[in-house]
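Asker: First to last, the sequence lines map onto chains X, R, Y and G.
With positions in the first sequence counted from 1, the corresponding number in the working numbering is that position plus 24.
With positions in the second sequence counted from 1, the corresponding number in the working numbering is that position plus 24.
With positions in the third sequence counted from 1, the corresponding number in the working numbering is that position plus 24.
With positions in the fourth sequence counted from 1, the corresponding number in the working numbering is that position plus 24.
It cannot be assumed that every hint is accurate.
Copies of the same chain are indistinguishable here, so a pair counts whether it falls within one copy or spans any two.
[As the list claims (entries may be wrong)] Cut-off 20 Å, straight-line C-alpha distance, at most; resulting in silico cross-link-like pairs (EDC-like, lysine to aspartate or glutamate): (1) Lys-82 - Asp-118; (2) Lys-82 - Asp-107; (3) Lys-115 - Glu-62; (4) Lys-82 - Glu-109; (5) Lys-82 - Glu-103; (6) Lys-115 - Glu-81; (7) Lys-115 - Glu-65; (8) Lys-82 - Glu-120.
Derived by calculation from the structure, the hints in this document are not laboratory data.
One-letter residues, chain by chain:
4 protein chains.
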Amino acid sequence: MNPDAILRRLHAIRDRNDWQRFHSPKNLAMAASVEMAELVEIFQWLDEDESRHLSPEKHAHAGQEVADILMYLMLLCAELGIDMEQALLAKLADNERRFAQ
Amino acid sequence: MNPDAILRRLHAIRDRNDWQRFHSPKNLAMAASVEMAELVEIFQWLDEDESRHLSPEKHAHAGQEVADILMYLMLLCAELGIDMEQALLAKLADNERRFAQ
Amino acid sequence: MNPDAILRRLHAIRDRNDWQRFHSPKNLAMAASVEMAELVEIFQWLDEDESRHLSPEKHAHAGQEVADILMYLMLLCAELGIDMEQALLAKLADNERRFAQ
Amino acid sequence: MNPDAILRRLHAIRDRNDWQRFHSPKNLAMAASVEMAELVEIFQWLDEDESRHLSPEKHAHAGQEVADILMYLMLLCAELGIDMEQALLAKLADNERRFAQ
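Please construct the entire structure, taking both the sequences and the accompanying hints into account.
Answerer: Following this line, the structure appears as structure tokens:
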């Protein structure tokens with residue numbers, strides 16, 4: 025996965041639809057949270073064991089919602105100038121210090 | 025970024041703390057949604073323009089929350105057997121068909 | 025509004041559909057959070073001023089989502105044995121001590 | 025519970041702190057969603073049965089989070105001119121038509 029290439033494609037969709045004015049960090053965080061709830065919705069009436077054995081339809085749906093969340097997070101990080109990979113590696117190292125010693 | 029290497033480190037933290045029994049897909053989706061709300065909280069009282077110009081402290085905080093969300097999504101996808109990159113590329117192609125023609 | 029009467033009607037719907045086994049506090053909190061995101065979705069691409077002047081259709085939709093949230097919160101409080109009115113009055117008094125002196 | 029009296033007290037806190045400029049419907053919906061996630065967080069690592077038997081500390085915490093959500097919903101409905109009781113009764117009647125016949 026080349027994050028820069030994906031971001032270029034996300035920005036191409038945005039620009040083709042004239043969505044740039046909507047893409048403030050505030051709005052992108054809201055949109056990501058709405059997609060997150062659509063992921064949560066898949067699991068809300070399942071018990072934990074059922075959540076490990078999704079139907080093929082729900083499994084595909086979960087992948088789509090994860091993708092929607094990731095796309096909004098990538099757009100958000102681009103607007104804020106956050107390097108998503110650096111942020112992930114820094115927090116992971118921090119968690120290792122806190123929880124894995 | 026090597027997703028497999030990151031996942032191994034996430035699983036090492038999980039196993040060191042005996043968290044595996046908590047990591048049902050249902051619970052991981054809930055945990056991701058809680059981290060998402062912590063990201064949203066940064067922006068809740070800012071107007072859209074202010075959200076584009078975060079203080080250094082809020083900027084760093086946003087990166088940490090994005091990282092927390094990503095880590096739970098990676099753990100979730102691992103539990104479900106979802107290839108996050110494939111899911112992202114499939115949904116991106118779908119969005120291109122729907123929105124960029 | 026008589027909360028007891030409303031709760032009886034909510035429980036009648038639940039029992040008619042045999043939903044009781046789904047109504048753990050954990051699940052009801054998740055369901056409330058999904059409805060909350062449907063409320064947030066109404067506002068996600070609006071600026072703050074636009075959010076003050078919803079179309080009649082969005083205004084009606086917002087009322088429905090608020091109602092969905094309230095119904096899940098009432099069901100949740102009933103399961104947990106929380107008196108919603110008492111909880112509200114206690115937190116309000118607390119906020120008055122913290123923020124209004 | 026007299027909703028008008030509670031709303032007056034919420035507005036008094038708001039005005040004492042000069043928060044009115046922050047209280048657009050968009051922002052109030054975001055704030056309510058953040059409080060909702062704090063409610064969800066109480067349950068995220070509990071299984072469904074554990075969620076029915078909260079510790080006294082978690083039980084009190086849940087009541088506080090429910091109260092926070094209600095306060096933001098009341099402020100939101102006031103800004104939008106939504107009668108919360110009417111909205112609830114209308115949606116309840118609708119659910120009865122859909123699910124209880």
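Asker: For each hint given before, does the structure comply? Return the numbers of the non-compliant ones in rising order.
Answerer: 8
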